[in-house]
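> Sequence:
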Amino acid sequence: MSDLYLYDGVPVLRNKLGIKDEKTLDLVEAEQSRANMMILYRRGFDDFSPAGLCAIHAFLFGDLYEWAGKYRLINIEKREKLLAGRSVWYSSDEDIPRDLEAAFKKLHTQDWTRFSREKFVSALSRCFPQIWQVHPFREGNTRTVVMMLTFFVEHHGYYMDQELLAACAGYVRDSFVMASLDQFSEFEHLEKILMDAVCEEPVLYDEASLSGLDGADNKREQYKKYQTEKYIPEPHYKREN
499 MSDLYLYDGV PVLRNKLGIK DEKTLDLVEA EQSRANMMIL YRRGFDDFSP AGLCAIHAFL
559 FGDLYEWAGK YRLINIEKRE KLLAGRSVWY SSDEDIPRDL EAAFKKLHTQ DWTRFSREKF
619 VSALSRCFPQ IWQVHPFREG NTRTVVMMLT FFVEHHGYYM DQELLAACAG YVRDSFVMAS
679 LDQFSEFEHL EKILMDAVCE EPVLYDEASL SGLDGADNKR EQYKKYQTEK YIPEPHYKRE
739 N
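In the numbering used here, the protein residues as written are 499 to 739.
Calculated from the structure, these hints are not laboratory results. It is possible that part of the hints are untrue.
Stated by the list, open to error - Dumping the calculated DSSO-like pairs for lysine-lysine here, alpha-carbon to alpha-carbon at most 30 Å:
1. K736 <-> K514
2. K603 <-> K568
3. K617 <-> K723
4. K604 <-> K690
5. K603 <-> K690
These figures come from a predicted structure and were not determined experimentally.
Take these sequences, add in the hints, and give me the full structure.
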């Protein structure tokens, strides 16, 4: 059975620009979503709900895809190197509303205001993978969840080192994979990078500011902890069963 999100005879997502070359579409999508992330970040956001997640996805990808902000209508999978080519078991399309409601209910039952920074990060590392594992959209799930995670962190008085998460995108995604294996989940990988990314003081990125107390070299070394190889996003595929 064909994938309704792809062009007939071409394994490329249908898009508003009519691009049928995968590499070109990847580049355009990356640039547009990055620009939209910056715009949305400046505007601010505080709707931490399934509807809010849809709103973020629509804002990031609405210039390119008609289905942006809408739950997928097919089941998907993605071969993961970490899992020897197997996929995380994402929610079935008919279960997306129920599973997202459950994930956000867990998020909102935490007493976030009473947590120390360490407990705050630990709870983040257990709540947001549950949202991520639903994978409600055809593509763009990780960027959407990380964007909401950033807003959630800063809504609670912390600051997110967004440059760290962007520079180490492969590690971040792998961390979500490892935290989404049901009874075999490993949360420590996501918790490790969030302990570096969630800060109590504003994060400064220019070279002059980095040459202060900790120094630019220390910042670069921090990033190297998580950069193993260049991250090349891989597409999701329609799951047949």
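> Mind checking the alpha carbons of K604 and K690 for me, to see if they're no more than 30 Å apart?
holds (21 Å)
> For K603 and K568, compute the direct alpha-carbon distance and say whether it is at most 30 Å.
holds (20 Å)
> Measure nothing beyond the straight line between the CA atoms of K617 and K723; if it is 30 Å or shorter, mark the hint as holding.
The given pair, whose Cα atoms are some 22 Å apart, holds under the 30 Å limit.
> Against the 30 Å threshold, does the CA-CA distance of K736 and K514 hold or violate the hint?
Status holds; Cα separation ~21 Å.
> Has the given pair, K603 with K690, been kept, meaning a C-alpha gap of at most 30 Å?
holds (24 Å)
Violated hints: none; the structure is consistent with every hint.
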